[in-house]
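These are the residues of each chain, in order.
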Amino acid sequence: MAVFGLLAVVLLGFIYYATIDLIDRETNNVIEAESKGLVEQYSLFGLRGIAAVIRHRSENLKEPGAIYLLANENFEPMIGNLIPWPASAEDGPLTPPENSEWIHFSVSHGEGEEEVTRQIRARVIDLPIGYHLLVGRDIGERERFREVMRAALTWSVVITLLLAFLGGLLLSRQMLRRVDTIARTSRQIIDGDLTKRVKVRGTGDEFDRLSTNLNEMLDQIERLLVGMRAVTDSVAHDLGAPLTRLKSRIEMTLRGDANLDAYRAALQSAIKETDHIRSTFDALIDIARAEASVANFEMKPLDLAELSGELLELYEPVANEQKLRLESALPPSAPVLANRQTLAQALTNLLDNAIKYTPVDGIVRLELTADDAWVHFTLKDSGPGIPAADRERVLQRFVRLEKAAETPGTGLGLSLVAAVAKLHRATLELGDNRPNFAGRRKGKQSRRPNKTKAAREGVHGPPIRANRRPHGRSKREPKLGARKPPWTLSIGGLNIGKRLGTVPM
Amino acid sequence: MRILIIEDDREMAAYLTKGLKEHGYTVDHASEGREGLFLAATGDFDLLIIDRMLPNTDGITIVKLLREQGVNSRVLLLSALGQVDDRVTGLKAGADDYLAKPYAFSELLARIEALLRREGPEEEQTRLHIGDLEMDLIGRTVKRAGQAIDLKPREFRLLEYLMRHADQVVTRTMLLEGVWDYHFDPQTNVIDAQISRLRQKIDKGFDKPLIHTVRGAGYSLRATD
Chain S
1 MAVFGLLAVV
11 LLGFIYYATI
21 DLIDRETNNV
31 IEAESKGLVE
41 QYSLFGLRGI
51 AAVIRHRSEN
61 LKEPGAIYLL
71 ANENFEPMIG
81 NLIPWPASAE
91 DGPLTPPENS
101 EWIHFSVSHG
111 EGEEEVTRQI
121 RARVIDLPIG
131 YHLLVGRDIG
141 ERERFREVMR
151 AALTWSVVIT
161 LLLAFLGGLL
171 LSRQMLRRVD
181 TIARTSRQII
191 DGDLTKRVKV
201 RGTGDEFDRL
211 STNLNEMLDQ
221 IERLLVGMRA
231 VTDSVAHDLG
241 APLTRLKSRI
251 EMTLRGDANL
261 DAYRAALQSA
271 IKETDHIRST
281 FDALIDIARA
291 EASVANFEMK
301 PLDLAELSGE
311 LLELYEPVAN
321 EQKLRLESAL
331 PPSAPVLANR
341 QTLAQALTNL
351 LDNAIKYTPV
361 DGIVRLELTA
371 DDAWVHFTLK
381 DSGPGIPAAD
391 RERVLQRFVR
401 LEKAAETPGT
411 GLGLSLVAAV
421 AKLHRATLEL
431 GDNRPNFAGR
441 RKGKQSRRPN
451 KTKAAREGVH
461 GPPIRANRRP
471 HGRSKREPKL
481 GARKPPWTLS
491 IGGLNIGKRL
501 GTVPM
Chain A
1001 MRILIIEDDR
1011 EMAAYLTKGL
1021 KEHGYTVDHA
1031 SEGREGLFLA
1041 ATGDFDLLII
1051 DRMLPNTDGI
1061 TIVKLLREQG
1071 VNSRVLLLSA
1081 LGQVDDRVTG
1091 LKAGADDYLA
1101 KPYAFSELLA
1111 RIEALLRREG
1121 PEEEQTRLHI
1131 GDLEMDLIGR
1141 TVKRAGQAID
1151 LKPREFRLLE
1161 YLMRHADQVV
1171 TRTMLLEGVW
1181 DYHFDPQTNV
1191 IDAQISRLRQ
1201 KIDKGFDKPL
1211 IHTVRGAGYS
1221 LRATD
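Keeping their order, the protein sequence lines are chains S and A. Numbering-wise, the working numbering puts 97 at position 97 of the first sequence, and it's gapless, one number per residue. Every number in the working numbering is 1000 more than the matching position in the second sequence, counting from 1.
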């Protein structure tokens, strides 16, 4: 603010002096031009000529405040509108100081109350015969103007400074108030109310941006906390149940008069139960870690087409054993940035699900498409599918559909898929193949990030769209559309894709 | 074969000691890091089984210190942290294998066996033989009783893994890790289906099967019954 005030003063000062200087120079120019004209009159027409002009001018003043006087060598006035020659402080005639032709003096007219004093600036020229010529102007106008200017400028400086001060005060008070608001809200949050949020005014200024970031951070923390609470709750509930079951089974075995075979059977079922508990536990930890942060996982460029081919190859025999057709349509390459282990784990979860829930003689189809912006991983099957109403729900932990009750499972598979999709900034969509098939089927879609440009270019494949199984150059490589299934696979499936670039979806 | 167990959980250590002794190993036990470090550095052990979370000195540090001192006993790290990156940290520190708790004892045994069988710096082998089964690692061909067998690349790697671990028990997890580099267990038993497909190619039509199922543990490739 001090800087602003200083600048204002300097600027106004500059305006003031520039204006005064301009007026001064203007007056000087007029006087110089006039005196020059008079001297010319003298040189052309002599004393008579100049006297006539002076008389004429004195009687017909072109502008108020013009002063003319021609005096003899003793400064006795001869003709003009000023009488007598102005006196100096020492009572002699006023003459210019050396090296100058300019004098300043004041003249009064009128009597008593009506007396007016005028400030005169004049040029004195000595004519060759010893006569003195005085040409002047009333500079009272200038002085008055200077007064007005000075007053105006002083006031404007005062007002500017005052405004600057008030503005600064207001601004800083407002800032302090907003900082206060943020501080107060944080205090409330610290005191335990995690639902509080900092007010955003919608002006888009720095405070709004700060508040928005804070709110987003709080949202994330709240999400994590809620997630953690969900894990704790579900651990208590869903691990509690099998543990109780395990314990009562052991107790019952001990209470009965069991023989060695009964013990063996009981222990074997106990092992099975602990295996189940363990896999539930592992899955919970995996999900929690995937949800916690990206920082835990190393993301590397990866060819999803290659990974898909690998997984297809891994699952092909088991699908075959269950009389399922495992079909695929893969592009030559589908570069993405991913953590191989977690992504592979999520994709195997989907394959596990598809194989588990698709009835015998069904079809499981993996489709992968990659364009400049998106990689879509789609898994479709001819199984019963997930009813639209349940699609949100099945992604939650421990949610198992009623009809799946007889199939073994932890109810965590899709939760992990959802967490891994989120970790990869991919979108997961659960869809339906139904329009083209009488039954219900399920499908999951998720989109996942396509890799950076450099990585993409590094793995450009041939332009022809071809099925590809990088490690399995099998003789019976599936062909796209080689055999049309009883239904057309259109919607549904896990679809993983992402726009190129850094903008998260 | 001498094994040192560095594990602070007494019950766990007693269980391990008992189990390993039953399988013919000589077993010592240290219940905390410094003692373990001292024993490992002075005793002549073939294998160290080290718990990752120990009082005083943690497992990773012990492995690092031992490797710095030039102790080259095989090291198997045990940990409740089974995630991939923890595994990587363990292996980088100089451990030879990493097993997440809880584990089946059969899994532990299989891995111990595999570790102890691994001979120093392996010589570059170009051929593997088990009974009448031959594998040419350079030509990537497999023959049984002189008859060429056509294998897909991944089947070839699966068989190679089994042959390199011939006469040992190989668990499903070991196969997933060693052949597919997947450090998680799919819910579906994909490995069994893979093995049965391999059996179709290797054992079908021959009198003596080479691939044996080890109940409750995994598989074993061996020429004798």
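The set of hints was computed from the structure by calculation and includes no laboratory data. Please read these numbers as outputs of a predicted model, since none were measured by experiment. Check the hints yourself; a few may be wrong.
Straight-line C-alpha distance at most 30 angstroms; calculated BS3-like pairs for lysine-lysine [stated by the list, open to error]:
{"id": "1", "chain 1": "A", "residue 1": "K1092", "chain 2": "S", "residue 2": "K300"}
{"id": "2", "chain 1": "S", "residue 1": "K422", "chain 2": "A", "residue 2": "K1092"}
{"id": "3", "chain 1": "S", "residue 1": "K272", "chain 2": "S", "residue 2": "K199"}
{"id": "4", "chain 1": "A", "residue 1": "K1101", "chain 2": "A", "residue 2": "K1152"}
{"id": "5", "chain 1": "S", "residue 1": "K36", "chain 2": "S", "residue 2": "K62"}
{"id": "6", "chain 1": "A", "residue 1": "K1021", "chain 2": "A", "residue 2": "K1064"}
{"id": "7", "chain 1": "A", "residue 1": "K1092", "chain 2": "A", "residue 2": "K1143"}
{"id": "8", "chain 1": "S", "residue 1": "K422", "chain 2": "A", "residue 2": "K1101"}
{"id": "9", "chain 1": "A", "residue 1": "K1201", "chain 2": "S", "residue 2": "K356"}
{"id": "10", "chain 1": "S", "residue 1": "K272", "chain 2": "A", "residue 2": "K1101"}
{"id": "11", "chain 1": "S", "residue 1": "K356", "chain 2": "S", "residue 2": "K323"}
{"id": "12", "chain 1": "A", "residue 1": "K1021", "chain 2": "S", "residue 2": "K356"}
{"id": "13", "chain 1": "S", "residue 1": "K272", "chain 2": "A", "residue 2": "K1152"}
{"id": "14", "chain 1": "S", "residue 1": "K356", "chain 2": "A", "residue 2": "K1092"}
A quick look at each hint next to the structure:
no., hint, result
1, A:K1092 <-> S:K300, "holds (19 angstroms)"
2, S:K422 <-> A:K1092, "holds (29 angstroms)"
3, S:K272 <-> S:K199, "violated (54 angstroms)"
4, A:K1101 <-> A:K1152, "violated (34 angstroms)"
5, S:K36 <-> S:K62, "holds (17 angstroms)"
6, A:K1021 <-> A:K1064, "holds (27 angstroms)"
7, A:K1092 <-> A:K1143, "violated (37 angstroms)"
8, S:K422 <-> A:K1101, "holds (28 angstroms)"
9, A:K1201 <-> S:K356, "holds (27 angstroms)"
10, S:K272 <-> A:K1101, "holds (16 angstroms)"
11, S:K356 <-> S:K323, "holds (12 angstroms)"
12, A:K1021 <-> S:K356, "violated (41 angstroms)"
13, S:K272 <-> A:K1152, "violated (34 angstroms)"
14, S:K356 <-> A:K1092, "violated (37 angstroms)"
When held up to the earlier numbered hints, the structure conflicts with 3, 4, 7, 12, 13 and 14 and fits the remainder.
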